[in-house]
Structures are given as C-alpha cells and as structure tokens.
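Residue numbers (the numbering used here), protein chains in the order written: chain C, 72 to 236; chain A, 230 to 1191.
By construction, these hints were calculated from the structure, which means they are not laboratory data.
Model, not experiment: these values are computed from the prediction.
Think of the CB as a built atom: it goes at the ideal place given N, C-alpha and C, for glycine as much as any other residue.
Misleading hints may appear alongside valid ones.
[What the hints assert, rightly or not] Just some of the chain C residues that point at chain A, by a computed CB distance under 7 Å:
no., residue
1, Tyr124
2, Leu131
3, Pro145
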Amino acid sequence: MPKTTPTESTVDLYCSFWLGDLCFAVPSTAVREVHAAAPLTPVPGAPSAVRGYVNLRGQLFLVLDPSELLLGAPSSAGQIAELIVFRPEVGEAFAISVGQVGEMLPIAQAQIHVPKARTDDVDLSVAAQRSECLIVGHATLDSLLVTLVEPQRLLPAAFADTARD
Amino acid sequence: MAVPQQNEFLAEARDHLTDVCDQLLRLERASGDSARGRIEQMLRAVHSIKGGAGFFGLRTVEQLAHRMENVFEAALESAASRDSRLIDVLLAATDRLAALLDDIDNSNAAEISGVLARLDELLTPRPSEVQSAPSAELVSMEPVSALPASASAEPSKFAVGPAAAVPYYQFEIALELGAYQASGVTPRELVERVTQLGEVVAGSIDSPEVDLAVSPPEHPVIWRATIKSPLDAGAFQTQLATIAPVPGAPQAAPAEPTLADAATTSAGRPASGSIRISVELVDQLMNLAGELVLVRNQSRRFTAADQPLPGQVIQRLDAVTSEFQETVLQTRMQPVGNLFNKFPRLVRDLSRQLGKQIELRIEGAEIELDKTILDALSDPLTHLVRNACDHGLESTAERERGGKPPLGILQLTASHLGDQIWITIQDNGRGIDRERIRRKALEQRLRTPDELARLDDRDLLALILLPGFSTAAQVTDVSGRGVGMDVVKTNVARLGGGIDIDSRLGAGTTFTLRLPLTLAIIPTLLVTAAGERFAIPQKDLEELVFVDPEQPLVRVERTPEGEVIRLRGRLLPLMRLSQVLQSGDCPSKRQNAVDQPALPLFCAVVRAGSRRYGLVVDSILTSEEIVVKPLHSCLRRLTTYSGATVLGDGRVALILNTEGIASVSRRRFHGEADANTAQSSGETIERQMVLLVRQTSGEPLAIPLALVRRLVMITCDQIESLSGGYYLTIDDVPTRLIAPRGEIDIPTRAQPAFVVLPRNSATDVGFLVSEIVGTKEIALDDMQALPGDALVLGAAVIDGQITPVADLGRWVRHAGPMPTMPTSHGAAAGSRVLVVDDTQFFRDVVARHLVEHGYHVSTAEQGEDALALLAREEFDLVVSDLEMPVMDGWTLATAIRQESRTRELPLLALSTLAGEEAVAKSLSHGFDAHEVKLDRDSLLQTIQRLIVSRPVRSAAKECSGA
C-alpha cells in the first residue's frame, strides 16, 4: 500500500491483472517490471503455490501462483502469459504468474472499501484464511470491481503451511 | 535499519576496529618508535570512527571513540603507561565498540559507563614506575600438604594431603599501602583478584603498629593465606605473580602473535590500491557474465559455418567472455589472512585464561580462497585452535617437567596444492594418546575390540571426529565436551573438503584441512528425472551403473525397507529420484511393487558423508561445470537441493544435495565396511582364500586353502612308479600322487615340485603340482560354474586369467580307490534337508552333493523364505549360510530355536568363516555344528551324524506336549 498518509483525495496508481474474469491489483510502487512468460523449472517439494524458478537476465526468481493463493485453485500452465516481478523491498526475488496484465488504474482512497476485521468464529479453510489475509480492499471503478492485494504478504502466504510444520 | 551510506561507514568502522585490535596485540611487544607508530595508527583509526559516528548521530559510538582517542593520546605522551593494563582496557573498549556497531540502531541507548570508567582510570596520573615501589609483592608461594597449625579453619572440613583432589597453596604477599594511594588499586581489589584463583581457607595479616588515620604505614603489610585452588602449582604461581609480581623477576609476558607482513589489515591490500565493493554487486556481475555466455552460445547458433568473418567475431567474443567470467570469479576470492586475523587475539586471551605460554605463528595468509568457504571455515578453525590451546598444548610446568621449552607453539599455515588449498593447525604439545582413544571408543561402544584391532593409525585418530567422542579428562569452559570435532568434520565435508590428523605422542598434533578453491563453479553431472533436469555435484558421485537384468554382477533386489542394489557383493539402498522428490521418502516394496519402472535403469552411486546409495534417474545427460546460485531463502527448508544453476539454454536446473536426499528417504544405511572384509550382518561379501598353483600341464589351478592340510616340496627323483601309479613316501607314509584328470605328468627328474596334501581325506593321496604361485582371496559371488566339468567347484577370473577352482573331494574319488566311508548314508538316506544360502552357486553345489547321497533337498535364498518353508513342511536338517542379507544365519538359527515346532531341528552352519571364534558364535546362536565351505566329505559326514543323532520326533513331541 502507498506509504504516504492517505487522504480521501489521494490517488494512487495500481497495476492490475486478471485471474480468469476477476480483476486484481497491486500498488505500482511494488512492481519492478512486467515480463513475458519464461520457461519455468518446477521445484518438487515446494508448496503448491510455488510454480517454480525462472531465469530473467541471469537472476533467478521464484514464481508464485496467485490463483492458488487468492482463489484456492491452481492456474493451468496455459493460463500463464505474463510475470509481474516485484521489487526487492516487497520480498526476496519473486514474481507472480498471471494470464493477463491489465491497465494501470488510478484509484482514489475514496473508492476503496476496506473489509472490517472478523469478529465471528467462522471456521475458515486454510485457503480461505490465506485469501482473506492477502486481500486488503476492493475498489469500485466505473464498471469494474478491483480486488486490492497486499504484495508483501504473498511470499509468507505461499509458505505459511510449511512454517506451521 | 541502517541506510546505505551508514552501511558503508559501518563496514569501514569494523575494518578500523580489526586493525586496532591487531595493533594493540603488537603493541605489547613493541617499544620506541615502533610503538609510537602503532599508537598513531590506532589514533587515526579511532578518530575516523568518531567522525563518522558524529556525522550519523551515533552519540554513544562517538563518545566511546572519543575516550579511546584520549587514551591513545595519553599513551603517546607517556611510554610508562603502555602496559598490559592499557592493552586490556583498550581491547575491552574495542570489543564494546564493535558490539555497538553490530547493533547500531540501538547503540544510542546502550550503557557504556563501565568501559568509560575504565578508560578514565587509565588517564589518572600515576607515579612513574622508577620512583615508586610495587604496591604488592609476592614474597613466597608453595604447595602445602596440610593446613597450617595456625589456620583458624576447622581441619575436619577439608581433605588435605597428597590424596586431596584439589591442591592447597600457602602464600605471603607484602602490601605497600602507601603505594596504593597513588596507584588507585585498593587492597580489596587485590584480594578480590586472588580469590578468583580459589577459595581462601585461612589467612592472617601482619601490620606494623601505626595510626592509619594519620598516615599509611611506612613498611609493608604482610598478608599470609592458604588457598584451595584447582590450578596446578605452575599455573597458580603464574597467575599469582601477575597479581602480585615477584620483585626482580621478569613478568611472563604474553607471547606476541606473529602475522605475515603481507596481511596487515582486514582489507589485506594497500589502501591506495583497493576499493570497497558489496557482495551483491559482485553477484550481479557474476549473473551478467553468465548471461553473456548465453548470448555467446546463441550467437554461435545463428552464425553459419561458412561465414568466416562472423565466426572470427564469435571466437573473439568467446575469449573475452571466458576471461570476463574468470575475472569476475576472482573478485570473490579473499586472502585467508582475513580469517586468520582473529586468532592472535583469541590465542592471547586463551593463553591468559589457561595460564599457558602460547605463541601463534601464521604463514600463507596471502593465499586466496572463495569468500563462501572463508565464511564457513571460521567456526571449524576456531574450534581447532581452542582445542589445541586447551588440550594440545601443555601448561608451562608440564612442559618444563617434560624437558620442553616453556613456550608452546601453535602454527597456522595455508598453502596451495593443485586445485586445493590446505590449511594446517599444528602444535608442539602433548600429542594424542592412542590408548586413550581406544579406551574411550570401547567405553562409548563406538567400536568393538576386533574392530579396533583392525584399524590403522589414520583411522584410529579419525575416531576423535565422531560425535560425542572426547578424551578430555575434564570439560573446561574452553573445550572438552566432545561436540565440536564432529561439527568440524561435517562443516568441512559440506565444503567438499576433508580432514587428516597426524600426531606424535609427546611431540604434537597436526590437523590438515583440504578444501576446494572455490564453490562458485563446480563440476556436475546433469541427469533427468520426472521430465526435469538436475545436477549432481561430481564430488558426491562415485560411479554410474547401468542395471540390466542380463548383467548378474549388478542386481536390484527388494527388502521390506525398500529396494537395494547388489553391487560387487555390497548392498546399497536404492532410491528413485523422481519418487523421492515428489513424496519426500522412499516407497517400500509393497507400496509400489506394481508401478516400478522396469529394468534396465540408470543408477548413480553417490556418497553422502559416510553413507552411500544408488540414485535411479531417468537418463544421464552430460558432465558440465556450472555456476552455483544459492536457493531462495524460502526454499532452504528443502534439504534435497543445495542450490540452483542456469544451464546453457537459459533454463534453471536444481542442484541435488545427496545428504539431504539420504535424510528425507528415511532409509537405513550400511556402515563403511572395508570391501575386503565382511563386518556387519548387512554385508553379504563372501570371500575365500585359495592357493594358486600351476599343474604339471602348465595350467593354472586354484585350491580352496581351507581344504589344504599341507604343502610338501619334493624333488622328482623321490617319485616311484608302482602298479600303474605314482607314489611318494611322506613322513614314512606311502602317498599316492594323483591329478584331476587321471593322467599325471611327472616333471623331469631335475625339477623340484610340490605335493598338496588334502584335509580330511580318508586315503593317503596328494596332488602333484609344478609350481606354487601364491594365495589369493576371491569373492565367491564372482565364481562361475563350468558346465560339463564336474571335477571343479567353478572358475574365477584371477589376475586376469580364468582359473578353475578345484573340488578336491571329487578328485580323490575320480583318481583312485574310493575312500573308506559309508557307501550310503544309512539311516540318514531319504532325509529332507533344507539348504539356505543367498549365493545360488553354493545352493546348487551343496544340493547336488546331498542329492547324490540320497537326500531330498529344498533350497531357500533368504532366511525369511526358509522360515516360511519350515512353517509349511517338515525337514530333518537345515544347512544354512551365515552371512546373508536381510536375515543372517545367526538370526535364522535363533528364530528356528524359538519356535516349539523346530526347537529340536538339527542346524548346521556352513560358511567361509573359520576359526574357534566363528564356531563358538555359531554354537551360541543355536547351531549344532559348523562347517567351512566347502569340504564335501566333512560336510556329508556331519550331516549324517546330525540327522542320525537327532532325538525321535514323536518322543520329543510327547515330552514337550506339542
């Protein structure tokens, strides 16, 4: 999320991407680059949200599956068209693989609806808990509902099950 | 979190502090201009730290640096103040400053009043040493065997005398109270220092009569005390003399650590010729170099062979790229002196703590090593140095008693040898006591007496690297818990290196660490599994095996724990890489019996520390040198990988960690048995000694040595021809000479020859051979049957030549009158015998012998199969091999004896193991007799005896109520 103190009139730029027909977005300040899909090397034994390693100009990045993290269902290989590579401050050398990178969306604070913290005792599945942890709000644009994702939580969420072992 | 510029300041400050520490240690021995120069250098270093700290608002760091600056300035003015106390306080201040730098974010809140007070004390003017007498003098010190009569303590409370576990010392110290006023060191402080050496059990003070309110006494106050101290006499006296020096005697100055001139600072190079560069930047350069290589490879593909000009450009690009990559690799190399630099301080502190005189010498500090290896070596080397100081080097008193110079030497040396770097840690101490190692190994059940007897010196010394092994008489704060040496070994092995130990009792010990120069580029073997490529480091790879069902030397077999591969008589657990990576463990036989890939298959025999196993892969690609990239920090929990790399096509491949694979497989591994001896029940190596001879026809022949009673050297004129046969008188016994195929070829009378007298032959016969070549140990598994030749046990390839192995029993029957023995086995004929042997060859041979004599024979390959047969069928005797996989013969015998149904069943052990011990072991496990392979006649006699002498089963059942 943007580091400046948000006000009602603050407008920040978000990098959007599509998972199926759902639109998600991350702050553009967190994105290092958008890259065309590159050959992936799977890592047997890694959590299911880890698609594998990719080599981008000699540097290795761990590629996560946002569909697994946000929707609880893995994306198929054919759905990967682009990689969103994050800056080092967001997390160590990682990217997410998406079907399509959308437009850069200016979103004002006033357009963001932040869900309230849970006070009930609903027993959520691990996947649901993970998804809720990653989603920090929804933005209502003209004809579009955009789900806002906190990119700094993506890596910990992907390895959360292993941390509990 | 520190900002980038602050990081640079911190790195520079740490370098300065390392330099200050180094200079302080040298200052202890320096004098005159040399000392002055060092103090000025330290002053500049601390001044830089102060300035930088002030710039970044690090107030505490700035304050401490400022006080240190003041002390250095004072030391410049007064040479008299440059004593051990100054060095100690400044070293302590340096440590405190380093601690502040390590936690820079909280440094401003840190408490430093204690170290500031100590620095301020140094600045308090003291009278010159020339003008004032020492404030405390040690008058006398001696060990005592009993408490003095004047002691106020109750004697019954203490154990005194030579048998006391902790010694007592009586000393007398003269205290100049007047001098204390000037020096600032109080008598109380002196007493506190003395009590740190032990427990003062009795004491008295003699003081002149004077009014202390008016003035201190003119004459010294005498403090007499008896102290109970764990230190030996030499160490105690040294420590006491440090507190209260003996007048006129030179103080035991700490040995000056010696450093090679080339490595004077942590930077290791003259300041003007170097720049500071971050490790991340170096890694980026490495990545770019790798990318450049890929671009070069791609350029090659798009350049046609018939275009010379582009080809020349590509060649030049090739050369520049390789050189660029090599040069970037060099940036990772650092002088080993960066690592050695911390040991002078460590040795100094240890020598004072232990009360020993130790001099550290360093050579080869300029040798360069990969930064990763340097970082990983710090802990192992520290442990070895501490061990050498604590246990290797003796106390001063002990060295003098042994006629050695009081100064102990510890030598650290780095040198190049081929593509390795060798680091040696050598001391001239007491050496390693082999007997003590043996005792400890037995006490801790690490080895049996037999195993210890078979170890050579190198392997015996290597026992100290085992976990928990320590020959230290007592655990000290420094070392002796037995948890360090195995960690040293593990850490060095992880780097692809090894440790050698050499020691001479009374003379010293040398540890040699052998390490690769760099870990950044390693040779590997590329393999595929589950559709992906993986790299196996060559250092872990022993051999590649192609497992083909038509190749009997290498077999895949199944056990309840999983698959094993039988390779040259040894068993190795077998793991299928694709399954291990997916499931994290090795599937058992039952779980995956259906979906195992069919033979043939590719197997890489790998080593993981002391463990060996076979790793089945889908295919083997090529050997390649790769650049190692560390795993993502989130993936480091996956111990099956040690890193990643980028291959020539730009794709990533994972580097396998053979140790990690071994751990996640949860398989049990066999020990590191010598390939030539069968030591554990898991090993199935069966070997037999054979006598190699040349027959009179010139053909080679091997005779099982166990069947040979005696060799007699003769001359052929002793041979007599009689009634169509040839005879020789040996020990007044006419002995008939025979040959395997009836025709005996007598050498010319002038030639010497030999007669082989067989064991357990009922007739006096001997085999004439022309030459005794020697003896050889052959693997029984390697012996092959010779179809059509019933007179030999089989044939083996010995020294490159196919050599028949004699069946002496058959020779005797074939060559002459039958020996006097039962023509049939009477009551035993028709009996049912179960033969258990994992070697098909011997199952066949023994079965054949028994069938010929009228027995009904069943066979089993393994102990488990034998038990299953015994549960279903009735047998009169079991003949069992001893050394078999999965279930050995001893275990089988025990299991048979535990079953009520088979408790009385005769059991015969048939093995290559011979000797009283082997026989005793067989009998103790329930066997009724023990026969050595393969004396046919003796075997048949024993079988008959056992069957005939067996209690009637029905009577036995009535008695047992079964």
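Evaluated hints:
1. Tyr124: Holds. Min distance 4 Å.
2. Leu131: C:Leu131 check passes; min Cβ-Cβ to chain A is 6 Å, inside 7 Å.
3. Pro145: 16 Å, violated
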